[in-house]
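Enquirer: Listed below are the residues making up each chain.
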Amino acid sequence: MRIVHALTRKPWTTAQGIIDNHYPGDAFQRPKGKLGLRFLIAVISIVFFLLVIAYGERMTVVDWRPAPPRGVLWLNTVWLILSSIGLQWARMGVRNDRIDRVSVGLVVGGIFAIAFLTGQFLAWRQLDSLPAFGISNPAIAFFYLITMAHALHMVGGLVAWIRTMEKVWRGYGVARIRQSVELCTTYWHFLLVIWLVLFGLLFSGNSQLEFLLKICGLK
Amino acid sequence: MADVGTVGLEQVPPAEVEEMELFHPKSFATKYIWSQDAKIIAVQYAGTAVAIGMVGLVLSWLMRLQLGFPEIFSFISAKDYYQFITMHGMIMVIYLLTALFLGGFGNYLIPLMVGARDMVFPYVNMLSYWIFLLAVLVLIASWFVPGGPTGAGWTLYPPQAILSGTPGSSTGIVLMLISLALFIVGFTMGGLNYVVTVLQARTRGMTMMRLPLTVWGIFVATILALLAFPALFVGAVMMTLDKMLGTSFFMPAIVEMGQQLTYRGGSPLLFQHLFWFFGHPEVYIVALPAFGIVSDLISTHARRNIFGYRLMVWAIVVIGGLSFIVWAHHMYVSGMNPYFGFFFATTTLIIAVPTAIKVYNWVLTLWKGNIQLTIPMMFAIAFIVTFVNGGITGLFLGNVIVDVPLSDTMFVVAHFHMVMGVAPILVIFGAIYHWFPLMTGRMLHTGLGKFHFWVTFLGAYLIYFPMHYLGFLGVPRRYYELKDTSFVPASAADLNAFITVAALIVGFAQIVFIINIFWSAYKGKPSEKNPWKAASLEWQTPGLPPGHGNWGKELPVVYRWAYDYGVPGAKDDFIPQNVAPEQVEMDNDRKETATT
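Which chain is which? The protein sequence lines are A and B, in order.
Quick note on the working numbering: the first sequence kicks off at 1 and runs consecutively.
Quick note on the working numbering: the second sequence kicks off at 1 and runs consecutively.
Just so you know, these hints were derived from the structure itself, not from any lab.
Glycine residues also receive a C-beta, built at the ideal position from the N, C-alpha and C atoms.
Keep in mind that the hints are not guaranteed to be accurate.
Some chain A residues close to chain B (C-beta under 10 Å, calculated; not the full set) [to be verified]:
| hint | residue |
| --- | --- |
| 1 | Leu7 |
| 2 | Arg9 |
| 3 | Leu35 |
| 4 | Leu40 |
| 5 | Val47 |
| 6 | Ala54 |
| 7 | Val61 |
| 8 | Ile85 |
| 9 | Leu127 |
| 10 | Pro131 |
| 11 | Ala132 |
| 12 | Ile140 |
| 13 | Leu145 |
| 14 | Met165 |
Straight-line alpha carbon distances no greater than 20 Å define the calculated EDC-like cross-link-like pairs of lysine to aspartate or glutamate that follow [unchecked claim]:
| hint | chain 1 | residue 1 | chain 2 | residue 2 |
| --- | --- | --- | --- | --- |
| 15 | A | Lys34 | B | Glu21 |
| 16 | B | Lys483 | B | Glu71 |
| 17 | A | Lys167 | B | Glu21 |
In silico negatives: residues of chain A with every beta carbon more than 10 Å from chain B [claimed, not checked]:
| hint | residue |
| --- | --- |
| 18 | Trp12 |
| 19 | Pro69 |
| 20 | Val72 |
| 21 | Val78 |
| 22 | Asp97 |
| 23 | Arg101 |
| 24 | Val107 |
| 25 | Ile111 |
| 26 | Ala115 |
| 27 | Asp128 |
| 28 | Leu192 |
| 29 | Phe199 |
| 30 | Leu201 |
| 31 | Leu202 |
Bound-form chain B, shown alone (with noise of 0.2 Å):
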């Protein structure tokens, strides 16, 4: 805990932080929708990813009747089949996790969690999004494109991608390319902004180590985007021009219906280590902010300082380097040197430290707590437990002795969707619960987000447990029909059956939380200024929500560290990180020294 005495007061200089020049708009339409304020934007990025991600989620409801259902519903074939799960896959990890986690929290929480009036570049900033706008238009638009959108699965892989049996392959994957590539142009200004924000306009007291671990999570999430994207973007370019102009970048020679193709000597592996060194630090560019969140809730709902603060940055940084060096874990199968596999094998398991750490210092905070069973906190335990639960059957597959039977079968399906699937999407729940009050000055309705929790965590554990054991039995993933299939048994189809009843359940309740969502921010009850009780600074704000330009007239001075919760000594339970010690209360009218 923080000091919470007067003592080296006395030579703190008063805040003279030299302010940054706002745009102020003059219209609905500068205000709301060519908007540089951080706050619109990271609403008009997460309306956005929401919207796309419920086109994501109906597509997976599609993709389960079919699996469930076979033979049943005759408006899907086959080729819709893989365009749906290209396109579910595509949308929820980039689309929908990645532009919510940066774009939304990132844009509405860094300003608000460092003290500053915006993000550094606020025009580059709306640039940002407008672009993430058009590339999730441009996704959009496969669907009215003759062929329809891309089919190849949502990794993309070459030479299949851009071959004429596969669906979409005329235009479908070029514009799911295009769009990845605006994409990431439009996240590089954002992250930009993000990065530079961090580091640059932090107000008085706030160093780097009295940052919430929110903040923590998002700035390290984004440095790796920006390092890691640029992978994706050069794989896209090139198979853009493989498919346009018949360079042969990743294209081998090959021969199609019969007809020896013009390409040659391209090779289909280089893609596939472009895609991973993307794709696995994309894993880490979602579960990082989520770490980085749900330390914050667990902390705030328990009342008690985060355990292992310095520990917990530490992970952080760690986890976000060894993000890097374990992308070949995707590809056991793909023919590489053993010696190869075994070094990824071994860093997979080494990135399992770190994340174990964090694991523990967030039962640790729980423990002893005065733990608050508040929707934010029920999701909050519900991803430490899914996160366990997929984290350990990821340690299955990052061996590969035990990856390559399980390669391609449902078990890697459920593993996924357990790990960066469920869990993060239960963490951005919790802190839409939590920070909502925050944004619109209303409270989420109880009673609809108790069941909304109960529901999706419950049913999510029932769609994908057993599907793990459909992975064990051999039931391979992206088949649209199994029909009869010797070494499955006829019972993996009830399972099945089961599991889409099941997702479709859960899907349900995701439209009573939209419901709830859009009731509670016009009827919702009106929300007192801290509902939670919470110590870090968003809260602080002399508006709620928060005004342009966050703080009024002058910047807020901080303190202490975000978690200053069960100080020995103060009255309340928590003292916020703008609180000066002399302005702290005691409970026996006493000003005392209490640190831990």
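Next up, chain A with everything else stripped away, as it sits in the complex (with noise of 0.2 Å):
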């Protein structure tokens, strides 16, 4: 509502001026970090939505055999669950000013976040030796697809998380390192909850999806 009460202003009026006047400006005293991020993470948000759309498209088809279940992606999902965790308890670090803390919660989350990339690798290699599921096999292709998109955007977390790391070894304090912890774990959460969601959807046979296909008007 903030927005509508925005674009409902009257700027030429005496009145608003007055009011217009007292605006401090935003020049860099809010985060632009943050809302950056949230313009980000809305884009790529975009993209996974759209290819879980195409996925329920592609699953109403007669020909469709979901991809068969892998028992690695349950441990992946944990990895990644502590990950998060991890990079949490670096965010409560740089918020009770405890530098140590900082530091664990960053490398106990790279650490699973490696993890959970490497189990994710070898779930592809896993299906990669099945001869029955090749490529061709709709549901194969998006799983690769989609499984892939997911780590290239964690590999893409890893980089950042890479150069806060190295702010923590030279020594900066905990005031010049907060941003970067901060953003690096709402990046993180927020790709937890993006691969909850695959995971349920990849996973889930035609039969659990029917309403949610139904909703959608793909069926």
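Join the two chains, each given in its own frame, into one complex according to the hints.
Expert: Here's what the structure looks like:
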């Protein structure tokens, strides 16, 4: 509603002019990185949303055969949850001005993120070794596409994580690494949520998703 | 009109806006090549976009030569023709218009108009340009690979886009898709900058509702692009995998040259949905900045405050929102459910309402204005006329029952060239004539400008009016050659020849424009500081052109909206945004409060 309220103002009137003259200017008083990340998350969300829609649409075709469940993905999910918890620990560290907690949280978060990516790689290798499920199988193709897209975003997150670790390594104080840790943590949580949605989607049979497809008008 | 009195001014705190950390270049390379200054990046974006746009222009000449004089130019084969139409369309829509409006004007004007020193993420902004350049180079590279660039049409519809009967289906299509993906990555970097700069880097007093409509147009268009480009990105990646790895995202079971391919079960329609989910907002990604810029041109050169500023802002926002629910009007002939078509026809007609509001407001701004027929103003007025023409034929095509017989005819080509080709280009020209003095400190040559305007404006109508008629006759688009076609009269060939001659003349006028740009940049008449007496902030910088950091030692403070023209009681017929109420010179030496 704030947006609607803002758009109803009359900037040409005297009264509004007096109010507007008090507007302090937003120049860098709010964390610009935070807003930038929010927009980036919105863009990435749309990418995955469209992939999910495409996946749902393809599921409705009669020749659909779901990808076989991979046990390693359950383990990967646990790694990603632990990674997110690690980053959250680091975030609590910067909020409590505890650089030791920040370091531990970042290291734990990074190690489990790498474990997640390694596990994803294993899952791709496992699928690749199943002759009955070649790339021409739509479910397998979607599996590779969606999980690799997620993994690439994770790799991007790790680049930011490495830069944050570098700052910690160089002995920067909490104040100087606060924003980096906050942004990394938000991004990690976002990727966890995306993964949970994708994980549920990739290994749900047609019957479980029947309702979802119906309300989307796809079936 | 804003307050010119001093009521409440004593309560205004001094300007204490926190400064951003600017990157200070120390060498020629970091100042002009690897620059992080938005103004330099804007010029880089614009230069690259115009350069590739000239390639697109030449391609259009070659197409017209073939259509106008078939069987004369033997060097243009059918394969070449399809490659020309594909590359022309994609270059003009994506690499010229989108890049120029957002990367060019967005980078140059946003920081200046909001009172910032630069974009909020200058390094990312620099990367944005270099990735855009890489995208352009990849696109150009497709001319030099076996088979040449793709000839699938700018919509790149599968399955034909990657089947061997289509020109460039071996490597050209892959390079096109990679180029598009790169463009989108680069744009996303720039787009985040534009949006966050508008939201977070405005100077003291610059509320959102004091922003010039140019910034509003670019801001909303950027949000549209950030939300719409992912659809093209997803489509490009999936089609690349279909081509390279043999997946079947878009490819159905199909026989090619008598051979059953391994594809099965893919949905070509899914690609169409993804493409047009991007494709229709793309129209407004181009149109909204044009709307914003033309509003500012009209207001400044008619010496009148913009009529219905709030409605103009609302219209930009509403058009932006509606543009996401009209995409399937491009797919009426795809076999969709008639109810689906009815829905999209309805939303298409609804979007005409805020668009019409904008047109009325432009006309009402001109009404009783002190119209200065400067070249920017001539282009702005030409835009209104052209946009109305193109918009009305859009209403034809928005209706299913009219669209179906006109689908894939030259009528469609004429429509979209008028509404999103000629109309935005006219705004671009107007904007360049308007802001050239700001960028270079010199004026463009007026005589050459008038020549450029009249040939371009009249010539565009000589090209596209007859083209509508060809469409009504049933002349199909994307045909290399008609030869003896029973339903097309022979006179259509004469009309095609006429259009070709007009297109070549209009093209020649653009060369005159380019010459004017280069000549005036070095030899043009030096400009005074604010030659158009504009009220918006970009003209109030200490230096002309604005220096590094834009604002000298102190950021400006804004006291009014961007349209204070013809304020009653004021000595001048405009009051710049950063002039405090007590500094306004009154005609009768009395400080009065004048409001509307």
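Enquirer: Compare the structure with each hint and give your call.
Expert: Quick rundown of the hints versus the structure:
| no. | hint | in the structure |
| --- | --- | --- |
| 1 | Leu7 | holds, 6 Å |
| 2 | Arg9 | holds, 5 Å |
| 3 | Leu35 | holds, 5 Å |
| 4 | Leu40 | holds, 6 Å |
| 5 | Val47 | holds, 4 Å |
| 6 | Ala54 | holds, 6 Å |
| 7 | Val61 | holds, 5 Å |
| 8 | Ile85 | violated, 28 Å |
| 9 | Leu127 | violated, 14 Å |
| 10 | Pro131 | violated, 15 Å |
| 11 | Ala132 | violated, 15 Å |
| 12 | Ile140 | holds, 9 Å |
| 13 | Leu145 | holds, 7 Å |
| 14 | Met165 | violated, 20 Å |
| 15 | A:Lys34 with B:Glu21 | holds, 17 Å |
| 16 | B:Lys483 with B:Glu71 | holds, 10 Å |
| 17 | A:Lys167 with B:Glu21 | holds, 19 Å |
| 18 | Trp12 | violated, 5 Å |
| 19 | Pro69 | holds, 21 Å |
| 20 | Val72 | holds, 23 Å |
| 21 | Val78 | holds, 29 Å |
| 22 | Asp97 | holds, 23 Å |
| 23 | Arg101 | holds, 29 Å |
| 24 | Val107 | holds, 27 Å |
| 25 | Ile111 | holds, 28 Å |
| 26 | Ala115 | holds, 27 Å |
| 27 | Asp128 | holds, 12 Å |
| 28 | Leu192 | holds, 20 Å |
| 29 | Phe199 | holds, 19 Å |
| 30 | Leu201 | holds, 15 Å |
| 31 | Leu202 | holds, 15 Å |
Violated hints for the displayed structure, listed by number in ascending order: 8, 9, 10, 11, 14 and 18.
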